[in-house]
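Please construct the entire structure, taking both the sequences and the accompanying hints into account.
So the sequence lines, in the order shown, correspond to chains A and B.
Taking my numbering, I'd label the letters of the first sequence as residues 1 to 282.
Taking my numbering, I'd label the letters of the second sequence as residues 1 to 282.
Just so you know, these hints were derived from the structure itself, not from any lab.
Be aware that one or more of the hints could be misleading.
When chains are identical, the list treats them as one kind, so a pair holds in a single copy or across two.
With a cut-off of at most 25 Å between alpha-carbon atoms, the simulated BS3-like pairs for lysine-lysine come out as follows [unchecked claim]: (1) 23 x 104; (2) 86 x 250; (3) 209 x 259; (4) 277 x 104; (5) 7 x 104; (6) 27 x 267; (7) 259 x 277; (8) 251 x 277; (9) 248 x 267; (10) 29 x 182; (11) 189 x 104; (12) 27 x 104.
Protein chains: 2
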Amino acid sequence: LKGLTQKENGEMWLEEFENNGFKASYKIKEILHTTQSQFQEISILESEMFGKILVLDGIVQTTSLDGHIYNEMISHVPICAHHKPKNVLVIGGGDLGVANELSKYPFIENIDLVEIDALVVESCKTHLKEIAGETTDPRVQALYEDGAAFVKGKKNVYDVVIVDSSDPIGPAEILFHYDFYKDIYESLKEDGLMVCQSQSPIFHMNVLKQSFQNIHQLFSFTRLYTAVVPTYPGGLWSFTLGSKKEFKVKKDILATNTKYINSKILKASFKLPQFLKQEILG
Amino acid sequence: LKGLTQKENGEMWLEEFENNGFKASYKIKEILHTTQSQFQEISILESEMFGKILVLDGIVQTTSLDGHIYNEMISHVPICAHHKPKNVLVIGGGDLGVANELSKYPFIENIDLVEIDALVVESCKTHLKEIAGETTDPRVQALYEDGAAFVKGKKNVYDVVIVDSSDPIGPAEILFHYDFYKDIYESLKEDGLMVCQSQSPIFHMNVLKQSFQNIHQLFSFTRLYTAVVPTYPGGLWSFTLGSKKEFKVKKDILATNTKYINSKILKASFKLPQFLKQEILG
Chain A
1 LKGLTQKENG
11 EMWLEEFENN
21 GFKASYKIKE
31 ILHTTQSQFQ
41 EISILESEMF
51 GKILVLDGIV
61 QTTSLDGHIY
71 NEMISHVPIC
81 AHHKPKNVLV
91 IGGGDLGVAN
101 ELSKYPFIEN
111 IDLVEIDALV
121 VESCKTHLKE
131 IAGETTDPRV
141 QALYEDGAAF
151 VKGKKNVYDV
161 VIVDSSDPIG
171 PAEILFHYDF
181 YKDIYESLKE
191 DGLMVCQSQS
201 PIFHMNVLKQ
211 SFQNIHQLFS
221 FTRLYTAVVP
231 TYPGGLWSFT
241 LGSKKEFKVK
251 KDILATNTKY
261 INSKILKASF
271 KLPQFLKQEI
281 LG
Chain B
1 LKGLTQKENG
11 EMWLEEFENN
21 GFKASYKIKE
31 ILHTTQSQFQ
41 EISILESEMF
51 GKILVLDGIV
61 QTTSLDGHIY
71 NEMISHVPIC
81 AHHKPKNVLV
91 IGGGDLGVAN
101 ELSKYPFIEN
111 IDLVEIDALV
121 VESCKTHLKE
131 IAGETTDPRV
141 QALYEDGAAF
151 VKGKKNVYDV
161 VIVDSSDPIG
171 PAEILFHYDF
181 YKDIYESLKE
191 DGLMVCQSQS
201 PIFHMNVLKQ
211 SFQNIHQLFS
221 FTRLYTAVVP
231 TYPGGLWSFT
241 LGSKKEFKVK
251 KDILATNTKY
261 INSKILKASF
271 KLPQFLKQEI
281 LG
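Have a look at this one:
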């Protein structure tokens with residue numbers, strides 16, 4: 001398996017490099033599942049400290065220890081920033097963690113989940129229930145297509161679009177381009193909003209700024225917020241929200257049963273560290 | 001050097017284990033300085049991604065990339081929570097980063113820095129100016145003593161005490177005990193307050209809770225706040241503030257020239273994730 005090495009003492013370690021200057025290694029107790037799709041190598045591993053880990057082509061995507069932080073932050077913030085959305089599109093999100101969070105809102109009527117790789121969804125449904133949840137919600141429509149192609153040409157369809165992409169290398173690279181955000185803009189209703197993960201302010205400031213500027217060019221209201229994601233490089237992670245209509249972050253979290261987010265964390269997440277404020281606002 | 005290994009391709013990597021289930025590895029370009037004190041092995045290394053790194057006995061203490069986040073959060077929050085403190089005690093803080101932050105406040109008249117290991121201070125003064133700063137402030141009195149012994153018996157002396165300790169293993173272990181916090185309580189004036197780093201809510205919840213409960217037993221007002229520290233395990237880090245007098249976190253940051261903290265981050269840092277609120281407040 002990519003990134004997995006067996007040491008002389010018999011221990012298995014998953015080794016993940018960041019820019020060839022930092023390496024995070026996770027002790028692995030067991031390989032729970034592994035398969036090769038037409039897009040990537042998919043594994044679910046049982047680790048010593050992070051519980052189960054979803055790995056795509058050797059890169060850690062989510063863990064049962066901290067995956068809920070990312071999933072809650074990318075889901076509940078846009079839902080609560082909008083006024084009770086009914087039709088939501090998730091691009092990516094193959095681990096089903098975002099769909100699981102969205103299921104907590106009874107007013108959502110439909111959730112289109114467009115994930116390029118059906119085998120990721122299948123793998124997580126069976127072997128990563130801690131993140132995927134029960135996956136029995138009939139409102140979730142899984143569509144195994146290219147997210148960028150899916151959204152192109154859609155007009156005035158969605159209330160909220162969530163871009164839950166992996167890193168901007170390989171199949172997800174296109175999900176950081178201006179044209180993709182423009183297609184999302186078109187697919188949204190007149191009071192619609194979108195959110196995407198926009199990488200680490202510590203290590204990927206260029207990606208973050210590019211994402212932010214692309215969204216800022218299209219949407220009338222653009223805001224950045226952050227959260228801690230222990231297993232992502234830099235720990236501090238950013239999300240960019242673009243809205244056609246003015247929105248207030250003084251909203252409350254309407255769902256219960258969250259582990260990380262609450263109404264105060266929602267508001268606090270929009271308060272940016274000084275260096276980030278300066279980079280973004282100039 | 002402890003933790004430093006040379007690979008077959010000639011690369012040097014610093015490897016740091018967390019609970020034997022996670023390993024962080026930093027590519028090292030150069031060993032800038034190394035010495036052995038009576039307490040520990042001290043090194044300052046030039047890394048590929050984190051700039052300079054201070055390492056004590058193989059454990060990363062601070063880096064020039066992200067050290068300011070921790071130093072700003074443990075310094076500016078208590079100073080701004082207090083009403084213009086004059087006499088401040090720093091226990092630990094041998095990298096001089098906290099003293100450097102405190103120097104930004106003209107109303108502080110005296111800063112006692114009690115660090116057990118003089119060689120840490122000497123090393124950082126010479127080789128880690130990015131964190132230590134100019135170190136020419138005449139208000140800083142460096143005292144090379146055991147912090148716990150120093151504070152014992154002091155009565156009604158300090159306005160603010162900052163415990164900038166390393167992890168609760170080795171020489172710093174005593175800095176997490178009830179008796180130590182009690183001595184700090186006694187050393188504070190009647191409107192005094194203290195702050196300590198209380199480890200990671202993700203990986204060290206037991207230490208965090210013990211620290212919090214110890215301080216809560218002594219002080220009338222106890223509050224937890226958090227910040228992201230990329231190079232500490234878990235990324236999310238906690239600080240516990242104990243005050244004899246009621247304090248408001250609605251204060252502004254009075255210093256300028258900060259890279260991470262600002263008035264909004266100060267207030268936001270006291271908003272706790274749901275799981276942490278539940279663990280602490282029950």
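Which of the numbered hints are not met once you compare them with the structure shown? Numbers 1, 5, 6, 10 and 12 - these are the hints that the structure violates, sorted from lowest upward.
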